[in-house]
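J.: Keeping the supplied structure of chain A fixed, place chain B upon it in accordance with the hints.
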Amino acid sequence: MRRDLILRIGVKLIIPFMMLFALYVQLHGDYGPGGGFQAGVIMAGAVIVYALIFGIEEAQRVVPRRLVEMLVPLGVLIYAGTGVIGLLHGQNFLDYSVLAADAAHGRERGILLVEAGVLVTVSSTMIALFYAFSERGR
Amino acid sequence: MLLTLLVTVTLAIVRMRNLFGVIALTGVYSFLMASVLIVYDAVDVAMTEAAVGAGVSTVLLLAALHLTKAREYPQPRPAAIPLIVAVGVGVALVWATYDLPAFGLAETPINQHVAPYYIQNAIKDTMVGNLVSAILADYRGYDTLGETTVVFTAGIGVLLLLKGRAPRRTSGTAPPTDGGAA
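Taken in sequence, the protein lines are chains A and B.
For the first sequence, numbering that gives the first Met the number 0 gives the first residue as 0, with consecutive numbering after it.
For the second sequence, numbering that gives the first Met the number 0 gives the first residue as 0, with consecutive numbering after it.
Chain A extracted, bound-state conformation (with noise of 0.2 Å):
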């Protein structure tokens, strides 16, 4: 599959497509629908496709694995972390309104800041999922 010029071309052109289209479902997920799950399973399939064509190895030196495994704690750990800012402001934990001057900018804040650690922990899941399977394979 890997010497297939058609593929190999196609998949160049629609990568950073994809990669954009799941950076406006995160951040427009406040507007419309999507949000952190949807972007991170579509930005992981950015990164799957192209290890399908160029090979597990071109992909990994892109997105080497310790960086994939290390991400996928690191977005739970800005969800709760951005629970905890409320808690140490004297709030409730997850009460959002303390991260600004008034209660629904802070909220609205909020909501970003945890959809962005959804996204994280999930695309860096599937990745990571994705390279244990094929390495298995080999």
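No lab work stands behind these hints: they were computed from the structure.
By construction, the Cβ of each residue, glycine as well, lies at the ideal position given by its N, Cα and C atoms.
All the given hints hold, so there is nothing to weed out.
Covered stretches of chain B, going by a simulated chain A footprint (3 or more residues, C-beta under 8 Å):
# : segment
1 : 50-57
2 : 129-141
3 : 148-160
T.: Positioned in the frame of chain A, the structure of chain B alone reads:
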């Protein structure tokens, strides 16, 4: 129409012995399910179903197939008890649906309890236009934190299973033949 297609695909999945075809059909099933969810105006769920069910899980199942054989062994004898259990549960579930209120009925508890509060206050409270995002990440933040932790835990579990010591275990039971490549 969509539901007829869903039933057809499900029957094909059950009947098929070639696992490669089964994985392709589960992808088809997920896309059909996403279309059904769009019909019910659940765009966020439909998007997740299309991305996770049809996209990533198909790829992961294919990767898992890479580690096993591509054909399912035929059952040695017809399994009567599982069939009875499955049909019994199915009949019970269909019977239970007769007690459900009609879809989208405004007087049901689910549409009377917190839903009106969310619809009236979510945009004012959170400045986030998508109610689904506001509910998931703010009002129901604990649930989403739990969900993320589930993804995290499941991922760690699969990684531990796959990256375990399988090569060493085989070299423990049989004499090593290939220069001890771990």
